[in-house]
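Chain order of the listed sequences is S and F. Take the first sequence: its letters are residues 1 to 459, numbered as in full-length UniProt numbering. Take the second sequence: its letters are residues 1 to 459, numbered as in full-length UniProt numbering.
In case anyone wonders, no lab produced these hints; they're calculated from the structure. Some hints here could point you the wrong way.
Note: identical chains are not told apart, hence a pair may lie in one copy or across any two.
Said to hold, decoys possible - Listed below are the simulated SDA-like cross-link pairs for lysine to any residue, each with C-alpha atoms no more than 25 Å apart in a straight line:
no. : residue 1 : residue 2
1   : Lys161    : Leu228
2   : Lys205    : Leu228
3   : Lys177    : Arg235
4   : Lys205    : Ser3
5   : Lys223    : Lys290
6   : Lys357    : Leu423
7   : Lys163    : Val190
8   : Lys205    : Asn56
9   : Lys44     : Thr364
10  : Lys205    : Arg179
11  : Lys161    : Val190
12  : Lys290    : Ala348
13  : Lys223    : Ser262
14  : Lys163    : Lys194
15  : Lys21     : Leu59
16  : Lys57     : Glu212
17  : Lys357    : Met11
18  : Lys44     : Glu65
19  : Lys163    : Ala10
20  : Lys122    : Ser160
21  : Lys146    : Asp118
22  : Lys163    : Glu152
Bear in mind the structure is a predicted one, so any value in this text is a computation, not a measurement.
Protein chains: 2
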Amino acid sequence: MSSLMENITAMLENKEMNRLKEVLNQQEHYDLVEFFSELEAQGKRDELAILFRLLNKDLSLVVFEDLSLETQETLIQHLAGNWAVEIITEMEPDDRARLLDEVPAKVAKQLLNSIPADERKKTADLLNYPAETAGRIMTPEYVSLKADMSAEEALERIRSKRKSAETIYVLYVTDAKRRLLGVLSLGDLVTADKASRIRDIMNEKVIKVHTETDQEEAAVLLKERDLLAVPVVDREERLVGIITVDDAMDILEEETTEDIMSKAGLGTLTRQETGRSQRLIEGPVWDVWKVRLPFLVITLIGGMLAGAVIDAYEATLEAIAAVAIFIPVIMDMGGNAGTQSSTIFTRAFVLGHISVKRFGYHLTREAGIGLSMGAMMGLVAGIIASVWQGEPSFGLAVGISLALTMTLATALGFLIPFILVRLGMDQAAGSDPFITTIKDISGLFIYFTFVSIFLGHLM
Amino acid sequence: MSSLMENITAMLENKEMNRLKEVLNQQEHYDLVEFFSELEAQGKRDELAILFRLLNKDLSLVVFEDLSLETQETLIQHLAGNWAVEIITEMEPDDRARLLDEVPAKVAKQLLNSIPADERKKTADLLNYPAETAGRIMTPEYVSLKADMSAEEALERIRSKRKSAETIYVLYVTDAKRRLLGVLSLGDLVTADKASRIRDIMNEKVIKVHTETDQEEAAVLLKERDLLAVPVVDREERLVGIITVDDAMDILEEETTEDIMSKAGLGTLTRQETGRSQRLIEGPVWDVWKVRLPFLVITLIGGMLAGAVIDAYEATLEAIAAVAIFIPVIMDMGGNAGTQSSTIFTRAFVLGHISVKRFGYHLTREAGIGLSMGAMMGLVAGIIASVWQGEPSFGLAVGISLALTMTLATALGFLIPFILVRLGMDQAAGSDPFITTIKDISGLFIYFTFVSIFLGHLM
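The shape of chain S in the complex, shown without the other chains:
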């Protein structure tokens, strides 16, 4: 791969265009996809556009389909009008909808208006559904059969539809009003007697989703039930599209990335995961600031509020400066104990191990675990503090407040994401800075309270 890259880069520098064209068009399509993605990652967009233009029409189309949205967007914006239109016309309607979602609205409109009416309609239909729903991500390119066809007729239809359909392994049976009657696999069809009727070999129990179903829910359904595709129906139960397993895998990765990124306050640049991660690495600094600063501003406010707690106990600090030594222990332990329990909650919730009905039990158990771990850590920290400061009452203050802080942090780490979920908010997004602030403030408050109680005689 990298030797291909070096060769090509050298030829490009030496402007050996004919040789370059020859070499490029001899490559496997997927190697080109990888190569172009690397160029995009390195920000070499002009080179990317030049090289792409050297590809034969057919090769360029298959390569384009497999590029990331980000790279597709770059190319569309760099290519001359006609070429862009031709490529857009050849794309699958669902891929096209996703790309048009990303390019500037003006460009999208212009492109959409330039493609043939039937293709435009397919994509416009998809774009009418809300973002992140099954309707938006489905493809209308499925194979439907009629119940009174014979197996042989069905196979004939599949042969004729093969090129345009996104999958021929799952086949849907519809009535005259396009309502979904049943499903069968190509395997069922191939192993059935040629003369048998579709209605006799189809399965009437169809697992399906509605156009307004959340895209993640649809993807999880495909995953859980090991399906190759799931049909999407509208409110009148008419079949309008399908979601295939390769799209489901992409959606699951996209949602996971979104969860991970938003936990670190990186969740607002764009819906599209590849794009977002790449922009944070390569994009304009202004974009990066826009994403990263809000989270840090909240952190700053939280840190100042925690500082205000310390300020309130300035007299204590003036009397015994050593009190400040254990501030990091209280803050770090509360922080990490809380991170553990919020991670456990979030994963268990995603995987369906937390039942809302039994949340009281889960929370009590978690708080109990926090208390038990806090007691152990508090004992250790208390002994260290006693010995270090040569003052047993110091050990008592550190130990007890550490145990309580960890109990509280563990319970809050579990409770706050749950409350956010119940309020209909994404359980991951933005919960972290609030949890940090609440943990810091309450931890420091607990600590200084016990310091006042146990070290009062020293002040």
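Add chain F to chain S, keeping to what the hints say.
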């Protein structure tokens, strides 16, 4: 679903066994899978085993295959010997290998010895490959064709193999020594002329993996190239198994969960994600401690070390107690700025947006972004500190040290995971507590240094 559950629970309490048996056996297999998983999540293992025993043999087998490993393990340990053996015998060799990996070694050996020799061999072969490799997770149940078969003969073979094979949509062509010659899809076969030879319609360029390929790499390959299955070959290039897309989806989720969990120090209980998350929610407290305490112990050590830095400046604190007020700001800002950059590194690395060769550039850029954000936040915090304490030199100390701490934390958050990757360690696992400790110590050191410089005249 929940009304089914209530009905069944009521019948079980009233010991209406005949009625219960009837109702259970009328359910769709997937509804039962969901129901049993819920029982497992609630820790109702005895009820689970009783209800499972009431299922008809055929239904029990299909339900069992779709249960989580955790639930399967519970059932195997609760069921009488013969029944367990019968179920194990009917499982796919790869699923069986995964289950036997989880149950206690003694039980696994006993079960393996009780099943027919040919099935035992298939699973034992898989268990010989190292954990988390393609060899361990593949299934030997694929359909292979010979190059000189006609399309019609191939279809005949598929019909006969259909029941035992894990997929019939991707077909592999092998020679007499089982070496992989080519691949074709059922779609290719169905649309080909009946008399055509397999060698003429197969694709000789096969995307494949080796038995020792990492399972995540294999799963990513399936996802990236939109494959329904990928063949696994041994060192002699002989076809020994395949990995199907449904298994790839499970692996990707498992690996993601592992990354997320290990970042919060929850990564050592068991390889199996569903099991781990569930055990943390429902399992014995001893297990939970074992997983969670090590991370907290490291945090405690880190916190104490940070405390030692404060201790070293006790004289400063005794002179100006207000210095302690900004300790939380320095710690929190360094912490969250570092979390952002380590999250960005980890995601970008997973998604392939970071090139090792250009790491110097990435790191410089990231440090620059850290500096720019640190400068902004430092300015704000410095102004607040000046006004709050009525002392401009206080603002200077807070502002400059916050800017430097954030720059350092951002660079370290990016650099440390990279170093761990280069050392061949999982980039997520265990990096967080070290990053926290290094950030705290250096942040506090920077802060107290600037306090000494700018506030020296007040001491």
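How the hints compare with the structure:
1. Proximity of Lys161 to Leu228 under the C-alpha cut-off of 25 Å is found in both arrangements, the shortest distances being 18 Å within a copy and 20 Å between copies.
2. Taking the shortest alpha-carbon separations for Lys205 and Leu228, both the intra-copy value of 16 Å and the inter-copy value of 24 Å come in at or below 25 Å.
3. Taking CA atoms no more than 25 Å apart as the test, Lys177 paired with Arg235 passes inside one copy only; the shortest distance there is 13 Å, against 55 Å between copies.
4. In this assembly of identical chains, the alpha carbons of Lys205 and Ser3 lie at most 25 Å apart only when taken from different copies (20 Å versus 53 Å within one copy).
5. Neither within a single protomer nor between protomers do Lys223 and Lys290 lie at most 25 Å apart by alpha-carbon distance, with minima of 35 Å and 31 Å respectively.
6. Taking identical chains as interchangeable, the C-alpha atoms of Lys357 and Leu423 lie at most 25 Å apart only when both belong to the same chain, with a minimum of 16 Å there against 45 Å between chains.
7. For the homomeric pair Lys163 and Val190, the shortest alpha-carbon distances inside one copy (19 Å) and between copies (13 Å) are both at most 25 Å.
8. Only between protomers do Lys205 and Asn56 lie at most 25 Å apart by alpha-carbon distance; the minimum there is 21 Å, versus 46 Å within a single protomer.
9. Proximity of Lys44 and Thr364 under a CA criterion of 25 Å is satisfied inter-copy only: 19 Å between copies versus 55 Å inside one chain copy.
10. For the identical chains of this complex, Lys205 and Arg179 are intra-copy neighbours only, at 14 Å inside a copy versus 41 Å across copies, given an alpha-carbon limit of 25 Å.
11. Taking the closest pair of Cα atoms, Lys161 and Val190 come within 25 Å of each other both inside a single copy (16 Å) and across two copies (12 Å).
12. For a Cα distance limit of 25 Å, the shortest separation of Lys290 from Ala348 across copies, 18 Å, qualifies, whereas the shortest one inside one copy, 31 Å, does not.
13. Taking CA atoms no more than 25 Å apart as the test, Lys223 paired with Ser262 passes in both settings, with 24 Å inside one copy and 24 Å between copies.
14. Both within a single protomer and between protomers do Lys163 and Lys194 lie at most 25 Å apart by alpha-carbon distance, with minima of 23 Å and 19 Å respectively.
15. Taking the shortest alpha-carbon separations for Lys21 and Leu59, only the intra-copy value of 12 Å comes in at or below 25 Å, while the best inter-copy value is 59 Å.
16. In the homo-oligomer, the alpha carbons of Lys57 and Glu212 never lie at most 25 Å apart, since the shortest distance is 37 Å inside one protomer and 39 Å across protomers.
17. For the identical chains of this complex, Lys357 and Met11 are inter-copy neighbours only, at 21 Å across copies versus 66 Å inside a copy, given an alpha-carbon limit of 25 Å.
18. Taking the shortest alpha-carbon separations for Lys44 and Glu65, only the intra-copy value of 20 Å comes in at or below 25 Å, while the best inter-copy value is 49 Å.
19. Taking the shortest Cα distances, Lys163 and Ala10 never come within 25 Å of each other, neither inside one copy (38 Å) nor across copies (54 Å).
20. In this assembly of identical chains, Lys122 and Ser160 lie within 25 Å of each other by CA distance solely inside one copy; the values are 20 Å within and 40 Å between copies.
21. For the identical chains of this complex, Lys146 and Asp118 are intra-copy neighbours only, at 23 Å inside a copy versus 43 Å across copies, given an alpha-carbon limit of 25 Å.
22. For the homomeric pair Lys163 and Glu152, the shortest alpha-carbon distances inside one copy (19 Å) and between copies (22 Å) are both at most 25 Å.
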